[in-house]
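Residue numbers (this note's numbering), protein chains in the order written: chain A, 1 to 317; chain B, 1001 to 1273.
Derived from the structure by calculation, the hints contain no laboratory data. Just so it is clear, the structure is predicted and the values come from calculations on it, not from any experiment. A couple of the hints might just be wrong.
Partner residues are not named here, just some residues of chain B that face chain A (Cβ under 8 Å, in silico) [what the hints assert, rightly or not]: (1) PRO1025; (2) LEU1088; (3) LEU1114; (4) VAL1152; (5) TYR1183; (6) PRO1224; (7) ALA1228; (8) LEU1253.
No residue lacks a Cβ here, since even glycine has one placed at the ideal position from N, Cα and C.
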Amino acid sequence: MTIAPHKEPPVRAAAPPDRRPVIARGRRRAGPPWWFALPAMLLFAFVVLVPSARGVYYAFTDWDGLDPHFSLVGLGNFATMLGDADAVQAVGHTLLIAVSITIIQNGLGLLLALGVNSAIKSRNVLRVFLFAPAVVTPIVTAYLWRNLLGPDGAVNSLLGAVGLGGWRQDWLGDPELALWSVVGVIVWQYAGYSMVIFLAGLQSVPREIYEAADLDGAGPVRRFWSVIRPLLAPAFTVNLMLSIIGGIKLFDQVYALTGGGPGHATDTLSTLIYKDAFTLGEFGYSIALAVVLTIIVAVVSSGQYLVLSRNEKGAAA
Amino acid sequence: MKRYRLRTFGLELAMIAVALVVGFPVYVLINLAVRAPSDASSPIRPTTAPTLDNFSEAWEQGRLGGALANSVVVTVISVVIVLAVCSLAAYPLARVTARWSRGMFLLIMLGLLLPFQLAALPLYQTMRDLGLLGTPWALVLFYSGLQVPFTVFLYVGFLRALPRDFEDAALIDGCTPLQGFRYVVFPMLKPVTVTALVLNAVFVWNDFFTPLLYLSGSAQQTMPVAIAGFVGQYVSDWNLVFAALVISILPILAVYFALQRSIINGFAGGLRG
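With the hints as extra help, turn the sequences into a complete structure.
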């Protein structure tokens, strides 16, 4: 016998079709006053809402960030973008980085979580140690890695020392490799973060379920696939969201490791937004790029949310 | 169920090997930070004559003391403001089902989708007009607003799962809503407050893009920007740079190892939010 997720009959038919009584009861009790939300709302409006709305407006102008006189250029900035090889490339890099980080970081994070969730004696120390990189300032770890990955850096020295001298590379200077080196650094820093979230999911699996599967003679692979994986659905949702959105917005590590180079080989949307605004003074164009970034984030996160929450329901039902 | 078998021992060795790989950069970091610049041997060979000179020089040359103080001030004030306004806001947003409440909540949740790059540039202009550019207050204001959506999201999720009997009892006993919040609701929010505190503090402390924009060219720096400036200036002197990196990492790691249980639970707590 196998442990299949327990299916319950649909209960929707039993729910009352009219929701009004619930609302009426909520109104009768005097709830906390609306002005409790005011300070947060004002801060949010001042810092996020109003500037974002203005940003969307500037995306249709040729504003340079200083000159109070600027004109509307319609979709001009977006048309320029399509012809701008750097921008098109940056979108590609951004998506490639986000997808690779999501797959590699979460794959490793899951394996580490399973390892740390086992009976090994070093599990508590390892958990604390492996998560530590995730709290360290990204710009600092990136500078550290910039040196390690240099032509005479520690990574090449180590390869030489263990007899793999043929694998030595200019990890950040080679346009073919640089992007993957950036991905590697991020995975190094955040695999422990994924691990901690998967671990919390694993530890919420009741012990009886493991024991029942064990008694039924399920091997480790079978046990993982049929018992643990469905129960990890919430952890998957959180982890995939965090890593893909983090990957899309990536700035610090690229800035410190390669500055977007060599050439434009590692430029992402975020580094391009920064360069266009602050070194080229093209605010309007830069904000148009930020609008594209916003659209990508919104589409990816709502799409992912819909798919994953359906899976989560499927697994929990 | 969990017995220590031969297979477990193999797993133990494999996990320790992984930890060594993860720890390798840390070894090199410390190894080079204590090495005199004249020593040109391989970066992976243990330093023969360790010295602490790099640290004192980096501390002075990089003006890291001032940067550290700024980072502490910005992080503490921003996080206190965010937690105060968001826990207070979450109370009606989670409890009141009227249309304004739902509308406001959805509007704030919209903020989760907006990357800060979109708001950062127009806000740069506003900060300049207000004369806040180059001061830590620009950052405090920025983080206090930027972190509202995420923090409200955490608090509202937690509050909705909390029974309202205690607050109702407090109100019946004659508490004002503010007293009810202060003495009854807020103490019950402690677990999610810890999560929000940890996640916001780590984010604010580590953020680089915002201070790079709003503090550039001023003498007031936070730690990440001071480090970036230091690297730019001493890029050929990696022993000095590594000493600066160690100095910037130490406070975070000290707090992390002291409070590791709360911090790890804080990060994992997003799972239940």
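Cross-check of the supplied hints:
no. : hint    : in the structure
1   : PRO1025 : 6 Å, holds
2   : LEU1088 : 5 Å, holds
3   : LEU1114 : 5 Å, holds
4   : VAL1152 : 6 Å, holds
5   : TYR1183 : 14 Å, violated
6   : PRO1224 : 5 Å, holds
7   : ALA1228 : 6 Å, holds
8   : LEU1253 : 7 Å, holds
The structure does not agree with numbered hint 5 stated previously, though it agrees with all others.
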